[in-house]
Amino acid sequence: MLSSKPPAERFGEVVLPHLADALALARWLTGNTSDAEDVLQEACLRAYAGIDTYAGGNARAWFLTIVRNVAYTWLAKNRPRALLASGDLADLDELAAGQTNTDDPDGPEAAMIAKADVAALEAAILHLQPPFREVVVLRDINGFGYRDIAAMLNLPLGTVMSRLSRARRLLMMQLGATDEGG
Amino acid sequence: MPTGSMDQRLLVQALADGELDAASALALEQRMAGDAALAAEQARIVALKSAVARLPRPEVSDQFKARIAGLVPPPAAAPAIQASPRRLALHDWRGDWRALAASIAVTAVVASGSTYLATRTATAPDRLISELASSQQRSLLAASPVDVASSDRHTVKPWLDAKVGLSPPTVDLSKDGYSLVGGRIEVIGGRPLPALVYRLRKHLITVIAAPQGTGAALPAGAADLSADGFSLVRWSDGTFTYWAISNIGRAELDDFAAHFRAAAAAE
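Chains B and S, in that order, are what the protein sequence lines are.
For the first sequence, the numbering used here assigns the number 380 to the initial residue and increments by one for each residue that follows.
For the second sequence, the numbering used here assigns the number 86 to the initial residue and increments by one for each residue that follows.
FYI, nobody ran anything at the bench for these hints, they're computed from the structure.
Any given hint could be a false lead.
In silico lysine-lysine, BS3-like type, Cα no more than 27 angstroms apart, as pairs [stated by the list, open to error]:
id: 1; chain 1: B; residue 1: K494; chain 2: S; residue 2: K242
id: 2; chain 1: B; residue 1: K456; chain 2: S; residue 2: K150
id: 3; chain 1: S; residue 1: K260; chain 2: B; residue 2: K456
id: 4; chain 1: S; residue 1: K134; chain 2: B; residue 2: K384
id: 5; chain 1: B; residue 1: K384; chain 2: S; residue 2: K150
id: 6; chain 1: S; residue 1: K134; chain 2: B; residue 2: K456
id: 7; chain 1: S; residue 1: K242; chain 2: S; residue 2: K287
id: 8; chain 1: B; residue 1: K456; chain 2: S; residue 2: K242
id: 9; chain 1: S; residue 1: K242; chain 2: S; residue 2: K260
Here chain S is said to cover these stretches of chain B; the calculated rule only asks that three of the stretch's residues, wherever they fall, bring their Cβ under 8 angstroms from a Cβ of chain S [as the list claims (entries may be wrong)]:
id: 10; region: 390–402
id: 11; region: 439–449
id: 12; region: 519–527
We treat Cβ as the ideally placed atom computed from N, Cα and C, and that holds for glycine.
Bound-form chain S, shown alone (with noise of 0.2 angstroms):
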């Protein structure tokens, strides 16, 4: 009875899995003292579990553990300002980090000389710069550039919507090459703001959005920022003021600057 076979052995299996009600469990048992065959399957299946669960089973690090802590704020901890911005920095990222991790160790440093002119002449504006491109510095120092993973522009806007209740266009740019690597915070003059991180290639482009009004009075267009080693382009839209700083050119960011402007306004 081929087709009867594969249902004992089914039930035989459910049998050993304990999913049988008690009434079957009998009538199968009673069936198997008869059928050695059966038993023997019902013997190599029980062997099997108990191998299996034998097993090994990979510890949850401290390590990893703390990483995880670190994914979400304390219980206790208002919801507002107490923004961590750098919650994940220690953290060991591979996997999707790898490829960016030479990109990342190279900007670092090209930065950090930048960070240093802009440092030098601080008047207030300039402070302003300064504390970007810090900010941008530090986000590639660290080991994930975001604090929220996603490519998905509806997880990742919710989620700074809830921590620092602003919450910018997050736009989908992958058709025109940009995706979106995920979110995090950036304190920036004293205030946490939201950030967008984009990837160009192996190129990251940070979005920072402030809300208008709270800053220094801005012309309308795109102006350019870049100090020496990074770019940095700025623009308002009416609602937000966005910076978008990255290392790759200024033709290109002004590109990015353009095609995220045009996403944002088609919202």
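So that you can see chain B by itself, here it is in the shape it has in the complex (with noise of 0.2 angstroms):
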């Protein structure tokens, strides 16, 4: 069914009050704002085409999992070889599930975590592959729940959980790696 509103007045509502929160999204996904602004520019249009399919509920978990499938096409069309990595999924998340048996059990220092400095953690986000990524970058960045990624990502909970843990065990890996290095 069509809103009585016109779709500019929808788009306005629904999308622009989070662009922010998209580019951010889609800059972690891309690795650059300039690139991230291209997807979001895209991913604006699709919503705008798409205004209607928007059937109300979270506009910004809508908006969003536009956002990040754009940025995914972009990928695959401009740096394939970022994707390639990602291999097989299910292989990943049986990695991620089984992950805490054979990793060391402990991890750095909360300490060692808090005083991290910010080019070593984004550098250490960027060199997650994204289906890791991307789970921390929409809990920790944009701040949705868990329950919202898994409708997004359309993900059962318990992988967006396992994933989510698998990122944040590889980061601070990463980050304990950093610090003894420096």
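Put the two chains together into one complex; each comes in its own frame, and the hints tell you how they fit.
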């Protein structure tokens, strides 16, 4: 059903308030702001064209899902290598679920993580494979809850939780290693 | 307990993320009080979360806001005619368009020469041609040749339909080597008309469609209207009159027109 409001007005209400959040997500997925802006522009066009498919509810999640999907399409076209590394997701999830048994059970001290410098942390996040990076970004940068993330990525809740755990584990290890190295 | 430890870690993580209900959180906190390893894990997650949350965020620049605002008509505007055909004109396209930039720059120079020729002899049909030529020239000079960028014809066609109330067949010619770049609105003879943009290698081909009966009478077959420097082919299908304009050669453009007509007829 068409809304009674014109699409441009709905676009203004549903999409525009979330540009900053969307830009942050796109930047973490593409790795830099100018590519992120291109992705976001394309996502805005899609959102505008499909504004009638927004059926109420969490507008931010709706729009950021579009941003995320456009970012992957963009990456597939412009940086296929960035996605290649993802490999078989089933394997990754198995790895994520089983990782605590093989990894060093202790991470670095919390204090060491707390004083990690911005560049090291950013590099560590960008070093994560996209399926792991996106859950960290959606959770800790965009502030979505597990259920929202599961719905946005179309994943079971348990997979979101284990990917998030795996991603954080990798970040902690990276920061601990950086600190020892420097 | 290897499997238990994973579950516990997810539980501790859920606590740090505020995803546990009060009863589970309380139980876990009590357990953590007697388990230094669990407590340390919780502290690590909390430290990491706040470090990530503190990371600088990219600013949405005013320039970018303007770029996005330009994508849609202002809410107050009436849906029809004020087609602002080149809304994206000043926008700084990258990515997909980067590859096109070189060929665009060259074409623009060539096209301006032919525009001059076309304008110089401005009788009625020639005036139409010169308008087509200058619209093509404008689109090549603009940073983006399209107002709606999509390779999905199911996106482009409704967009055009919504903008000008006309939707010519938006055919998928990718198997013939022509990829759909998007659509835009052209104002020809004072009327907003839908335009489709295809890409062949690094060249753009613009197809402008006008509902038939509104323009000059046209022969049914494709007519060659090429001037020097760019090619212009015209044909009609009984519903629309089409002009295809490009800087590719005549023969190649005829080829394109043939593919387009065949695909449109099969729709």
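How the hints compare with the structure:
1. Distance check on the hinted pair: K494/B and K242/S sit about 53 angstroms apart at the alpha-carbon level, beyond 27 angstroms; violated.
2. Proximity of K456/B to K150/S is assessed by CA-CA distance (about 25 angstroms); at most 27 angstroms being required, the pair is judged to hold.
3. Only pairs whose Cα atoms come within 27 angstroms are accepted, and K260/S paired with K456/B is accepted, the gap being roughly 18 angstroms.
4. For the suggested pair K134/S and K384/B, the alpha carbons sit about 40 angstroms apart, so the restraint of at most 27 angstroms is broken.
5. Under the criterion of a C-alpha separation no larger than 27 angstroms, the hint pairing K384/B with K150/S is consistent with the structure, at around 22 angstroms.
6. Under the criterion of a C-alpha separation no larger than 27 angstroms, the hint pairing K134/S with K456/B is inconsistent with the structure, at around 32 angstroms.
7. Annotation: proposed proximity of K242/S to K287/S holds, straight-line Cα distance about 23 angstroms (limit 27 angstroms).
8. Between K456/B and K242/S the alpha-carbon distance is near 23 angstroms, which keeps this suggested pair within the 27 angstroms criterion.
9. Among the hinted pairs, K242/S with K260/S is consistent with the structure: their alpha-carbon atoms are about 19 angstroms apart, no more than 27 angstroms.
10. As drawn, the region 390–402 of chain B meets chain S at 6 residues by the rule of a beta-carbon pair under 8 angstroms; at three or more, the given contact holds.
11. By the rule of at least three residues with a Cβ nearer than 8 angstroms to a Cβ of chain S, the coverage given for the region 439–449 of chain B is violated, with 0 such residues.
12. Residue count for the region 519–527 of chain B with a Cβ under 8 angstroms from a Cβ of chain S: 4. That meets the three needed, and the coverage hint holds.
Against the hints set out earlier in the document, violations occur for numbers 1, 4, 6, 11.
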